[in-house]
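**Q** Sequences and hints are given; from them, build the entire structure.
Residue 1 is where the sequence shown starts when you use our numbering, and the numbers rise one by one after that.
Source of the hints: derived by calculation from the structure; they are not laboratory data. As the structure is a computational prediction, the values presented were derived from the model and not from experiment. Please note: incorrect hints may appear among the correct ones.
As the list claims (entries may be wrong) - Ranges between beta-carbon positions, derived for each pair:
#	residue 1	residue 2	range
1	G23	R53	43 to 51 Å
2	A9	E50	29 to 37 Å
3	D5	R51	15 to 23 Å
4	R53	L28	30 to 38 Å
5	R53	D15	31 to 39 Å
6	D21	R51	36 to 44 Å
7	Y69	K89	26 to 34 Å
8	R53	G80	15 to 23 Å
9	Y57	D21	18 to 26 Å
10	L28	W64	19 to 27 Å
11	K16	G85	25 to 33 Å
Even for Gly, the Cβ is constructed at its ideal location relative to N, Cα and C.
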Amino acid sequence: AFIGDFSYAFLNGLDKQLWPDTGIPALLFMVFQMTFAIIGAAIISGSVVERIRFSAYVIFVALWLVLVYAPVCHWVWGPGGWIDGLGAKDFAGG
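**A** In structure tokens:
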């Protein structure tokens with residue numbers, strides 16, 4: 001599939017496998033990645049504090065995580081990601 005599928009929707013089956021090309025449990029890898037997503041949302045919150053309503057911020061962060069953060073993370077860290085395919089190595093989001 002070009003975009004992906006729902007094989008991991010709602011963390012389905014992540015507790016029973018290792019992430020490809022690593023010895024890391026897939027669920028642990030997901031938690032590690034989500035820490036960077038939350039840190040990104042916290043950085044964004046610093047720029048919009050007291051400028052927009054909280055409900056608008058929550059909607060913005062949800063859209064940003066799905067439309068911006070997740071695709072870029074897949075490019076870099078995901079199996080088959082095009083930046084990963086170029087041989088780039090990114091450790092801890094640096």
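**Q** For Y57 and D21, compare the CB-CB distance with the range 18 to 26 Å and indicate the outcome.
**A** 36 Å, violated
**Q** Do the beta carbons of G23 and R53 sit within 43 to 51 Å of each other?
**A** 45 Å Cβ-Cβ, so the 43 to 51 Å window holds.
**Q** Taking the Cβ atom of Y69 and the Cβ atom of K89, is their distance within the range 26 to 34 Å?
**A** Cβ of Y69 to Cβ of K89: about 19 Å, so the range 26 to 34 Å is violated.
**Q** Check the following: the C-beta atoms of R53 and L28 are separated by a distance inside 30 to 38 Å.
**A** Because 35 Å falls inside the window, the suggested range holds.
**Q** K16 and G85, beta-carbon distance inside 25 to 33 Å?
**A** With Cβ atoms ~27 Å apart, the hint holds.
**Q** Does the hinted range 29 to 37 Å hold for A9 and E50 at CB?
**A** Cβ of A9 to Cβ of E50: about 36 Å, so the range 29 to 37 Å holds.
**Q** When you take the CB atoms of D5 and R51, is the distance between them in 15 to 23 Å?
**A** With a Cβ separation near 38 Å, D5 and R51 fall outside 15 to 23 Å, so the hint is violated.
**Q** Verify the CB-CB distance for D21 and R51 against the hinted window 36 to 44 Å.
**A** Given a distance of about 42 Å, which is inside 36 to 44 Å, the answer is holds.
**Q** How does the Cβ-Cβ distance of R53 and G80 compare with 15 to 23 Å: does it lie in that range?
**A** For G80 against R53, whose Cβ atoms are near 39 Å apart, the range 15 to 23 Å is violated.
**Q** Mind checking the hinted window 19 to 27 Å against the Cβ distance between L28 and W64?
**A** 24 Å, holds
**Q** Could one say that the CB atoms of R53 and D15 fall in the range 31 to 39 Å?
**A** Given range 31 to 39 Å: holds, Cβ gap about 37 Å.
The earlier numbered hints that this structure contradicts are 3, 7, 8, 9.
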